[in-house]
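Let's have the full structure, built from the sequences with the hints guiding it.
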Amino acid sequence: MQKWSTFAHRTIRAAVLLAFVIFIVEISRSDALIYYVAPTMNLWVKSLAVGMYVLAMHQLYLAIRAIRAKNPTAAAACSCSAHSHDHWKPGVIIMYGALIIPLVLAFSFPSAVLGSQMAAKKGLNFTPSGILVNNNYGDASPNLIPNDKLQSDTGQVFPFNEYTKPYAKRAAEMYKEPLIVINDDFYIESLTSLDLYQDQFVGKKVQISGYVYRLDTMSKSQFALGRFSMRCCVADSVPLAILVEADTPEQWKNDMYAVALGTIEKRQFDGKDVLTIVAKTVDTQDAPTSPYVYQNPYFGT
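UniProt numbering numbers the first residue of the sequence shown as 1 and each following residue consecutively.
There could be a bad hint or two in this list.
As the list claims (entries may be wrong) - In silico PhoX-like links for lysine-lysine, alpha-carbon gap of 20 Å or less: (1) Lys253 - Lys220; (2) Lys204 - Lys266; (3) Lys121 - Lys280; (4) Lys122 - Lys272; (5) Lys272 - Lys220; (6) Lys169 - Lys204; (7) Lys176 - Lys165; (8) Lys253 - Lys280; (9) Lys266 - Lys205; (10) Lys266 - Lys280; (11) Lys220 - Lys280; (12) Lys176 - Lys220; (13) Lys280 - Lys205; (14) Lys204 - Lys280; (15) Lys220 - Lys266; (16) Lys205 - Lys176; (17) Lys3 - Lys89; (18) Lys205 - Lys169.
Claimed, not checked - Between beta-carbon pairs, the in silico distance windows are: (19) Asn183 - Leu99: 35 to 43 Å; (20) Ile94 - Lys169: 51 to 59 Å; (21) Val234 - Trp4: 38 to 46 Å; (22) Arg65 - Met41: 34 to 42 Å.
For the record, the hints were derived by calculation from the structure and aren't laboratory data.
These numbers were taken from a predicted model, which means no experiment stands behind them.
Cβ coordinates follow ideal geometry from the N, Cα and C atoms, glycine included.
In structure tokens, the structure reads:
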């Protein structure tokens, strides 16, 4: 009886590990891995799949050895399961369930981009420079007091300190452009620079593309355009967005991908000063291959 119990445990462990391997392989082959982790994590996830496969094969080997052993007691003694006389304790069953249930859900539901419902639950971030402050200082975050400044060719000044210098440089580069285009390469950094230097950019023309999001606190003429930013995986994703005011906002349904062109203004939203695009034109656009945006590894170097 004991050897069959050991065989069952080993087989279940091998099956769970192989299921994770199959899931990772499938989402990698279908290019859906980007829905779960940032590109910088792809190699780690694929390496994890290889490690899981090796462990699964080892568990299968131990399971077969347990069932074929002439001396079941000796075979079981080589297993950590031998330290307990009851192999099916509630804690063990709960542990298996905690692994199997997410697998069943993962295989049952198709891979999809985080949409407006999740953005509303997480809350749209219209002030990404706040993330910069919190990341650098943690809970005790003082004001970012400037200790130097950059001046653009047009004479506009961008004060900075040691933490905001790259953003001041980015802001100066954007300011001299007749039309500021927010592209994927510097999506997070550009929105952060705009937010850090709100007053300097008021009146400038800007073009940005993103998914349409809405909150209940927005006026009828407002919606948001933005993207989920991801550092490592989908669990740490944050919806970054900019407010848009348009003449016919009802045309733009939630989760549509659109591009807005207009002038930057400041508005009060939820008690904060936020940048707003007073849109001259809003058009639909094909959604990008990669639904999320990521920090540029070369920014500030």
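Self-check item: Unsatisfied constraints (hint numbers, rising)
Solution: Hint check: 3, 12 fail, others pass.
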